[in-house]
Structure formats: structure tokens, C-alpha cells
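Enquirer: Chains as they are written, first to last, in the numbering used here: chain C, 1 to 147; chain W, 148 to 294; chain A, 295 to 713; chain Z, 714 to 1132.
In case anyone wonders, no lab produced these hints; they're calculated from the structure. None of these values were measured; they are calculated from a predicted model. Keep in mind that the hints are not guaranteed to be accurate.
[Stated by the list, open to error] Partial list, computed: chain A residues near chain Z (C-beta under 7 Å):
| no. | residue |
| --- | --- |
| 1 | 349 |
| 2 | 354 |
| 3 | 393 |
| 4 | 570 |
| 5 | 577 |
| 6 | 580 |
| 7 | 581 |
| 8 | 651 |
| 9 | 655 |
| 10 | 663 |
Heads up, the beta-carbon is just placed ideally off N, CA and C, and yes, glycines get one too.
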Amino acid sequence: MDLNEIYTQVIAEHCSSTKNRREIENPDAYIEGINSSCGDELRIGVKLENGKIKDAAYTGVGCAISQASASIMTELVIGKTIDEAKHLAELFIGMIKREITDESKLEELDEAIALQNISNMPARVKCATLAWHTFEEAVDTALSKEQ
Amino acid sequence: MDLNEIYTQVIAEHCSSTKNRREIENPDAYIEGINSSCGDELRIGVKLENGKIKDAAYTGVGCAISQASASIMTELVIGKTIDEAKHLAELFIGMIKREITDESKLEELDEAIALQNISNMPARVKCATLAWHTFEEAVDTALSKEQ
Amino acid sequence: MQLKELSTIEKINKIREDFPIFSQQINGKPLAYLDNAATTQKPIQVLDQINRYYKKFNANPHRGAYTLSIKATNFYNMARKNIKRFINAKHTEEIIFTRGATEALNLIAYSYGMNFINEGDEIVLSIAEHHSNLVPWQQIALAKKAKLIYLYTDENGQISKDEINKKITNKTKLVAIAQVSNVLGTVFPVEHIIKKAHKHNAVVVLDMAQSIPHIKADVQELDVDFAVFSGHKMLAPMGIGVLYGKKDLLIKMPPFLFGGDMIDIVKEQSTTFAPLPQKFEAGTQNVGGAIGLSAAIDYLENIGYDNIYKIEKELTSYALNKLSQNPNISIFGSKNGDDRTGVISFTVKDVHPHDVSTILDADGIAIRSGHHCAHPLMTHCKTNATCRASLYFYNTFEEIDRLAESLLTVRKWLGFDKR
Amino acid sequence: MQLKELSTIEKINKIREDFPIFSQQINGKPLAYLDNAATTQKPIQVLDQINRYYKKFNANPHRGAYTLSIKATNFYNMARKNIKRFINAKHTEEIIFTRGATEALNLIAYSYGMNFINEGDEIVLSIAEHHSNLVPWQQIALAKKAKLIYLYTDENGQISKDEINKKITNKTKLVAIAQVSNVLGTVFPVEHIIKKAHKHNAVVVLDMAQSIPHIKADVQELDVDFAVFSGHKMLAPMGIGVLYGKKDLLIKMPPFLFGGDMIDIVKEQSTTFAPLPQKFEAGTQNVGGAIGLSAAIDYLENIGYDNIYKIEKELTSYALNKLSQNPNISIFGSKNGDDRTGVISFTVKDVHPHDVSTILDADGIAIRSGHHCAHPLMTHCKTNATCRASLYFYNTFEEIDRLAESLLTVRKWLGFDKR
Ligand SMILES: Cc1ncc(COP(=O)(O)O)c(C=O)c1O
Ligand SMILES: Cc1ncc(COP(=O)(O)O)c(C=O)c1O
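Sequences and hints are given; from them, build the entire structure.
Expert: As C-alpha cells, this is what we get:
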């Protein structure tokens, strides 16, 4: 294992990024995701508008991987359609679980590809996917409220 | 282990002996002793008179060791004073548990010495001592009734 | 090893090379180990895997973000997956590691029994159950005012369909039954019992302790609700066993043991619990044991259940035949080799089973005597104890010959048949 | 081995030869195993004893009248006697084998807690308890409408006498406390707690999981009512542990697990139970595990608790001193070496503990990060997780140097202190 493959420049920057580490005003859903084994606690908020992710943000404590993952994810999904965003979440989780390995398919994930090497570290997989799972749940909750 | 030391002539004879394998009329106590691990079930009856063991007998099922031990024991204690009989029981149990090894002390046990080698067979110790423990209990029960 | 091409005797001899214990002498004679229903011996392949783990990969699983702990966790998870595949469970999380069959049965009793059995419900057991699949249900019946109903065996040690159809009714909430009796060796008609139980919406607890070492298990094909077994009876070390449960049942059951690793969040006054399978695995798990069990499964599958079946069938027929030739021996249960495994209970006329095993031991032959943790069956069979010789695929025809010969001497030691 | 005459460094080097795992490389670096509070490594002497058992003496104990079973039974009983002597219990039957500390604590909760704790009673715990000594009591409190009262730790990770005297009262029925915290390493004043509890007729459950590997135990001198520990944290294999209980308490408690070997007579509708210790040991016991635990005790005593204490004291002081020199590190609990073992919890400024352990792992250094199965203590300490390095007498000063050096690099990986 080479640490350079895990703690990349991208991760270090996103981990301390404060851009989307904030509360959303009038969110459509706020969901708390917990990774009890390492004590990560992430609250993800989403705001939908016209079938798109109008805004997404997070608060909470956690390791660099889970924080960077949340930061990258929020930047990636804001402005995307709900379907696109959900597709990206599936893609990301598939990448970390090594179910999707085709590099060309993963291109859509953009900066999130920086987390691909986490798939070699079973103990950290949950850290990387926490934000994405929680995001999926938040979107579903927001959608169910709409109806 | 030499089987000749365990299944001696004495044991074979006592094991099928019917002399004291019987019910006692008007017993002072009947006690059931159980060795659940091998399924031995022994009922020992005693009759006391003038501080002596007037009669002792047994019924039940069990292995050769437990049956022979019961037969030898009843023959030995009948006619003895209660104190002598209790002393013999202690001596016997001490012999089987290897707590008493001094041959001269064991002489009093007479034929019961034939069971000494059982002390080398941990799995059979309980078979050998069942009759004696049950006898002790029967005597104590009979005495407590007297009072 | 290309076992297929060898004769049965050659197969057995080849297999025996894997078991260090068989180079032993007992009382100056080679060890004839015929107590396999109590516990089996361990092949070097299993011991080697356990040693390799402790010498190279030992760490607490699930609890560290360092290489060694990740490896230990992986080994543990791989063992669980191997068992899932082995018994053909649908989901990996349906496999719960326990200390053995007894703990697994108690887990079901405490967690399912105490919460889903109610006053007036009936629990159906066979009279042949091992105490571990009987006493827990007695306790549940006592605590919940439920009724225990027994399926009785007939003179062949079998449970008739009539008996099953009569006793399993709409009142039945749970049926607990061994697939193979540890005393009679009978293979019970569990497929029929499970179908009948499900018709009445009862759940079935299958005790595979005596079947899985000999008969390939398929929990989905059986459609059984719970199944349990012990590693030590199938070449694995002591201290490891398995509970299988259908996911929907396990999900609705509360945890049994509480502690580390089975929790989600613990606050001062309340706790939420982890999902399956962790919910039922409190405390540091026995990784070495799980690896040993997984290695034992690999070993069994390498030999092949078809080979195991063939070898055991030949040995069992041979043994039943040999023993039947002794007029002083009475065999319990099925006298031919059908619907039974190589667990053979018998008595010798006029001689208590305990004496029989002591006398055989002097010839290096290890058989068990007693009630075999099945008092109620003993009472039903009107006996206090039996002798039990139980075979595994590493036993030899010669060992059976020695058993038969030694049994011919038994009565003489006790003064019968004149010495 | 004449350890006495050697220097500490020579002692450690000699001891390390017994542990095959230390010849390992992790990520190209020699393994620095600093997660001993989670589980310890195994010396070859322990592995050899277990192998010897399986290769020469394996049989089901208590269940046969043949040589092998008698030997297995003897080994099992000798292990029990060795443990009795080791912790200075009064009676051999006060030693109950369990799977580990967690099962032992659950046994006490189910059997004692469910039957002798009543509505309104108070159960006193320390806030530092491991989930295994906390969640079971939460469940008892819930089931019996009893109250959980916590002893809080102060800024040194210690529980003050004031706190103890205030919280243990006539309402207290049971006190459950670890002798040593698995997070802070604090040695709690259990002598005082036991005396105070007894004054109020409360029983005390002592969790020795983190103390017995380091501190000689004497249950009679402590006068403790129950004590538990796990073999795997003291050089023995996984899957074996011990419950000690005072005889009069164990006698009045009902059995916990039901099944083979713990019964006296089983009838169709009722059962009587065996005397101690069998009453609490249902099913086939882990003889191999018991032998491993007994061998581990022999090994520890051969090294000598005086040597262990001296080595660990030096290592702990050295580590505390080294870590304190890093201004970005905050140590939890006692900062000097008094009243504590070598369990050291700390955090690195701005870096999550999980990242710390991943980064250290790349240097071959195994430490644990997380809540250490002590959520309520984390909450009390106002943190989510800590890093934990935990030492044993086979660790080296060099390993501590490597830990300290590697910790200096941690912040850089996350973009702090400029790379
Ligand atoms: C203080 C303490 N108590 C109890 C336990 C539980 O021990 P085990 O997981 O071996 O059952 C542990 C370790 O995990 C511990 O550190
Ligand atoms: C049929 C059956 N069920 C359950 C058990 C209990 O298994 P264990 O003692 O390994 O828990 C046994 C063996 O002892 C058995 O033969």
C-alpha cells in the first residue's frame, strides 16, 4: 500500500474544504449517516428544484476520507438532475466495491475517481461510501415528501 | 492398564452375587444413588439396631464395578457398629481417591481392597464409590429419623 | 489426491495419513477410534491452517485499520462465505458463528423461543433429541406455558409418517429435530417434517450436528428455518459452530448476547444494535476456530461427499453384519444399512455398557457407553445405557474386526461363558 | 531462561524469539504490533501445547470410559485447576470456562441479573466500561426496571473516592467495573469499590480482561464476587475465557445455557441439573482452548509478573514521554506512568484517528482507532474516537520510537504543516 495513492492532493484539499461544509436553508431533507465502527457522523442536506439537485451540503465529524468524499460528492451533484445524481452515486459505490472497474465508465465521476484506491483498503470502504449512501437516502426522503 | 487388575475373580463373583441384592423388610432408610454419566442406579437400604448395622441390601442396575462394590460393601458392613461402618466407608472412598495409600490401614477393608485398582481409572471411580456414598447417606438418614 | 481410482481400502489408508493421531498406540495397541459421534479427529491440513493464522495473521477482526486486522477480518469473512456456500444458504449474513451446536440451539431458544412462543403453543421434538436440542425447549415450555409434544421412534429407530402427521398440527409453533440421531444413527425424514410443519406455519429447527459430517447439506433445498452444527464433529477444532437462520427470522429476533461488536450506537441508557450477522456475534470472535472450520470444509469437499458416503456405507454394513454374528449382542435401531449412518448402539447380554467400553479400551478400541446425552430416548428404549460405536470415513475394516473380536471376550471377563 | 540477570532490552529480545509473528514484515517494514488491548500474539509454547493435544490426546471429555477420553478429561480438569491456582480461587468449581469475557458477563447478567435484581434496584457501572460490561446491564435494567448509575472519570481518567462513596448506596445491588480501562489504561480503585459495595450488600462483577494480562490477580484477596477474563488477551487462543464466581452465588444461580453435560437427569417434561462447574458448561467444551489458556498462564508465570511489570512500566513511561514531546498530540487520562497500564489513548490535532492508524500502518505500525467499544466514555470525553497504542511486555523501545516518528508525519499527509 502506498499512502500517496490514498492521501492525494485532492483528498487533502477537499478534506479541509469548507465550500459545502455548511447548513442549507430550507432543505428538502436532512439525513444523518453514521459509521459506528470509526465514529464518523455525517449530516447531508439536499434541496431539490425542477428535478435537479439545487443544493447539497454536509456537516459532521469524520476522517479525511469521509470528509473529502462528502466534499467531492456535493460539488459533483449540485446542478445535476436527480437521475444523473443517483446514477453517479451508484457508480461511485460500485467503484469502491470493485463491482465497476471499467475506467471509461468511471470517467463521469471526475474528481471522485481520486477515491478509487480506497477499494484496496477494506477498513476504509465505509468511510468513502458514507456520504454517498446518506445522499441517496436524503434524495429519496425529499422525493417522498414531494408526493 | 491390565484388565486382570480390574475384573478380578472377586469382582466377577460379587457382581453376579444375589446375596444382598434384595429388598429389606422394614428398613430404617432407603436411599437412591445415581451416577448419571453412566446410568448406574442403586438403591441402598439399611436397618439399624443397638448402634449396629443389622442389615444392608441393594437393588438397581449398574456396571460390574458398582454392583460388585455394593455387594462387597453390604457383606462387610452388616454386623459392624455404625461407627465402624462409617469408618470403613471413609477408608474405602479415601482408597479410591488415592488419599489413603498406606496398605496396613487399608487391611480393614478386606475384600473391598480388590477395588483398589479402580483408582487408576478416573472414569470408573464414581462407579466404585456410588454404593458407599449412598450407604453413608442411608445411615445418616436412618439416624436422623431415630432422633 | 485422485481418490476416485482407488479401492475403498486404499482410499482409507491414504486418508489416514492426514491424521497424526492414528500413529498412536493405546495400551500397547494401535488406536481404533470409534467415538466419532462424540468428536472427530483433526487432519494436519486443518491444524496447519490454524497455526498459519496464529503465526502470521492474528489480530482482532473488525476493529482496526491496520493490515493485520484487515487480514484477520478478511479470513473471518471468507470463512463465513465458505460456510454459506457449503450449506447453500441464500445470504452470507444468515451464517452466525457460535461456540457449537449447543450455543446455537440456546440462541434460538432464548431469542426466538422466548419471544415468539406463547402460552398454549405446542413445541414438537423427537424423543431421540440430544439434550442440547431438548432441555432448552423444556425451559421455553416452562417459561412460556407451552406444551412439549414428542415424536416417538418405532422398533427400527425411525419416526413414522403417521406419527408426524398426527403430532404436527395447527397448534404446533416450532419443531426441533435432529437430521440424524446421535444414538441410533437413524436419518429422520426431515423433508417430510419440514413440509408438514410449514403447512401449519410452524418453524423448524434442524440439528445437523450428526448429519453434516456425513451428508451434504442444502438449507435452501430443505427449506429449513434454522439449522445448527458443531465444527469439532466434522474435523474442525473445538469451540466453533454455526447457526443458520432464514434472514427474515433472524432480522425480527432480538440479540442474544450483548457486548462489543454487536452494537450500532451505545448511549448511557440505551443501545441500538448492528445489522446481521454482527447482531448475534457479541465480543471478540474465534477467528482461529472459523478458519479451522473453513479448512475442515475444504478438506471434506476435497475428499468428496460421494467418497465419504461410499466408504461409510461399506464400513457400516460390514460392522452391522459383524456385530449381528455375535448372539450376545443386541443392536438398537435399524439393523440393515439403510436410512442410517455409522452410529451403532448396542448392548452385550449381561454386561453393562460401561464395562464393555473399559474392556475394549484395554484392546485399544475407543467406543462410548452411557446415555449419550439422550436420557428420554434411553427411557423410551427401556434401557439405562448403551454401547455406541460410531464410524467416520477414516475408520478401517480391520478396526471393525478388532471391535468384533474384542466384544467376543467381554462376557468372559465378568465370569460368563467360563474363562 | 534466567531473565532476572538480563537488562530490559535483552529480556524483551529474548522473549520476542518465542513469538513467530514478529518475524513478519508489514508493508515492507517489520511489524510493530501495538494493539495488544484488542488481542495479544501467541508464543510458540502455547501453539505447541494445542497442537500436541490435537495430535495425541483429542477426544470428547467427560463422555467416555476409554483412555483417550480420560486423558482429554484430565487435561481439561488440570487446566481448570491451574486457573484456580492462578487467580487464587478457593474452590476449583468456582472456575467456569466460557468463550470469553463477553459470554461470561452475559452469563452473569442472564443468570444472576435476571433473578436477583429487582425493580428500583440500582446497578452501578463506570462510564469507562467496555460495551460487554455495559450493554448487558442496560438490558437487565430495562427488563427489571432497575436503574443504571454511572461512576464518572475525572480529567486524569480516574474515578474519585468521592464519586464512589456518593454513588454506591443501600440501593445498589450490583457494581460492574473493569479493573483496568481498555481506553485509558487507568487502574481503578477496585479494592475500595469492592469494600464499599459489600458494606451495602451489593455484589461486584470485576472485568479483568485488561488487567489480568499485566497484573497478578487474587480473587480471594480482592474478595470479589464475580470476575471475568478472555484468554486471547493474555497469549491464549481465541474462543476461551473464564468466569469466576463465589461458590455460594454460583450455587444459587440457575443455569444459563442448557444441553449436554450440564444435566443430572432428563425426563420428557423435566430436568435436574449437574453440580458446579458443569451446571454452567453446556455442550462439548473447548478442551484445546482450555489447554491453550493453561499453557499461556504457565508462560506468563515463567516470565514472571515482576518482570512483566518492570518491562511494561519502562515501556509505558518511555512512550508517554515520547508522545508528550509532540505538541500536536493530546493524551487522554493519566499522563504519567502511575496507576495505569500501557494502554495509551491520544489524538493528533486536526487529524481523525482513523486516518492516523492508516498512515501509521504504511510504516508497519499497528495501532487501533475508533471508539474502542466504549461509546459512553467517548461521549463523556467529548470525542468521537481516539487513537490507541497498547503495549505488552514483548514490545520494544525501538517500536515506540517508530511510533513517535511516524506520528510526526501524519499531519503532513493531510496537507497541514506544509509538505
Ligand atoms: C475491558 C474489556 N472488557 C471486556 C472485553 C470483551 O472481551 P471479549 O471480546 O474477549 O469477549 C474487552 C475486550 O474486547 C475489554 O477490553
Ligand atoms: C445430535 C446432537 N446435537 C447436538 C449436539 C451438541 O453439540 P455440542 O456438544 O458440540 O454443542 C450433539 C453432540 O454432542 C449431538 O450429537
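Enquirer: Look at each hint and say if it fits the structure.
Expert: Going down the list of hints, with the structure as the test:
The criterion of a C-beta within 7 Å of any C-beta in chain Z is met by residue 349 of chain A, whose closest approach is roughly 4 Å, and the hint holds. The criterion of a C-beta within 7 Å of any C-beta in chain Z is met by residue 354 of chain A, whose closest approach is roughly 4 Å, and the hint holds. Hint status for residue 393 of chain A relative to chain Z: holds, with the closest Cβ pair at about 5 Å, below 7 Å. Annotation: residue 570 of chain A was flagged as interfacial toward chain Z, and the flag is violated, the nearest CB pair being 17 Å apart, outside 7 Å.
Proximity of residue 577 of chain A to chain Z holds as hinted, the smallest CB-CB distance being about 3 Å (cut-off 7 Å). Using the Cβ-Cβ criterion of 7 Å, the hint placing residue 580 of chain A at the interface with chain Z is satisfied: the shortest such distance is roughly 3 Å. A distance limit of 7 Å between C-beta atoms decides the matter here; for residue 581 of chain A the minimum to chain Z is near 6 Å, and the interface restraint holds. Taking 7 Å as the C-beta contact cut-off toward chain Z, the hint placing residue 651 of chain A at the interface holds, the least distance being around 4 Å.
With a cut of 7 Å, the hint placing residue 655 of chain A at the interface with chain Z holds, because the nearest CB-to-CB distance is about 4 Å. The beta carbon of residue 663 of chain A is positioned within 7 Å of a beta carbon in chain Z (closest approach about 6 Å), and the interface hint is therefore held.
In this structure, the one hint that does not hold is number 4.
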